[in-house]
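A.B. asks: Chain A is already provided as a structure; the job is to place chain B on it using the hints.
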Amino acid sequence: SQQGEEDPQALSIQEGENATMNCSYKTSINNLQWYRQNSGRGLVHLILIRSNEREKHSGRLRVTLDTSKKSSSLLITASRAADTASYFCATRAGGGNKLTFGTGTQLKVEL
Amino acid sequence: DGGITQSPKYLFRKEGQNVTLSCEQNLNHDAMYWYRQDPGQGLRLIYYSQIVNDFQKGDIAEGYSVSREKKESFPLTVTSAQKNPTAFYLCASSARVAVGDETQYFGPGTRLLVL
Chain A
11 SQQGEEDPQA LSIQEGENAT MNCSYKTSIN NLQWYRQNSG RGLVHLILIR SNEREKHSGR
71 LRVTLDTSKK SSSLLITASR AADTASYFCA TRAGGGNKLT FGTGTQLKVE L
Chain B
367 DGGITQSPKY LFRKEGQNVT LSCEQNLNHD AMYWYRQDPG QGLRLIYYSQ IVNDFQKGDI
427 AEGYSVSREK KESFPLTVTS AQKNPTAFYL CASSARVAVG DETQYFGPGT RLLVL
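Residue numbers (our numbering), protein chains in the order written: chain A, 11 to 121; chain B, 367 to 481.
Hints were generated in silico from the structure; no laboratory data involved.
If you're wondering where the values come from, they're calculated on a predicted model, not measured in any experiment.
Backbone N, C-alpha and C define an ideal beta-carbon position, used for all residues, glycine too.
Hints may contain errors.
Simulated DEER-style distance windows between Cβ atoms [to be verified]:
1) B:Asn384 to A:Gly26: 46 to 52 angstroms
2) B:Thr443 to A:Val54: 22 to 28 angstroms
3) A:Ala88 to B:Pro474: 25 to 31 angstroms
4) A:Gly104 to B:Leu393: 20 to 26 angstroms
So, partial list: chain B residues that the calculated Cβ filter (under 8 angstroms) puts toward chain A [said to hold, decoys possible]:
5) Gln407
6) Leu409
7) Ser460
8) Phe472
9) Gly473
10) Pro474
11) Gly475
Next up, chain A with everything else stripped away, as it sits in the complex:
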């Protein structure tokens, strides 16, 4: 079963606006990662946040993690048309490096 559920399923914004997408998960985790997928392509890793971290930044990306609510959010600031893609959260729990992916948010940034 899917560990993560992203919200919203689809998001359409204008270039320059901020985009926020959320991820909820069900069990305790070691870390949570966000990946991006352009249409028909493989996934690209964006950012990883560990269970003992609350916020992390990378360029225009800001990720927060609330382990008490079992949720995370990804904020993309000053969005660009090139940010149009699907975004997935993935969680790692227990030993090994096995990830469980959510269902994804489809982001469309319009000019």
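C.D. replies: Same frame as chain A, now just chain B:
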């Protein structure tokens, strides 16, 4: 997609036929993974391997088989027992967790279609 190649890009399967998807990586990663993605859906884990000559079933292993004879290669066979094989198949690799790098690196994918 760097460092991981998948072939072919498109693959057609006839009923009752086994087909094999190729995945090769030159990142010197110990762990490799196969995922299935259906339209508008997330990724589901089929099989994974943490070390050569060892692999484990993921969440949807039925109808699939794998081998890991070499560190750089992790082929996936879609057998005739998989009744609904049409999907986008993604291969990924990662370094061992002990190394501290826990991210997965993905190939460009193979789209499998049933004739």
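A.B. asks: Against each hint, give a clear statement of whether it holds in the structure.
C.D. replies: Evaluated hints:
1. B:Asn384 to A:Gly26: 46 to 52 angstroms: 51 angstroms, holds
2. B:Thr443 to A:Val54: 22 to 28 angstroms: 27 angstroms, holds
3. A:Ala88 to B:Pro474: 25 to 31 angstroms: 29 angstroms, holds
4. A:Gly104 to B:Leu393: 20 to 26 angstroms: 24 angstroms, holds
5. Gln407: 6 angstroms, holds
6. Leu409: OK, holds: Leu409 (chain B) within 8 angstroms of chain A, min 4 angstroms.
7. Ser460: 5 angstroms, holds
8. Phe472: Constraint on Phe472 (chain B) satisfied, holds at 4 angstroms.
9. Gly473: 5 angstroms, holds
10. Pro474: This hint holds: Pro474 (chain B) lies near chain A, its Cβ roughly 5 angstroms from the closest one there, short of 8 angstroms.
11. Gly475: 5 angstroms, holds
Comparing the model with each earlier hint shows no violations; every hint is respected.
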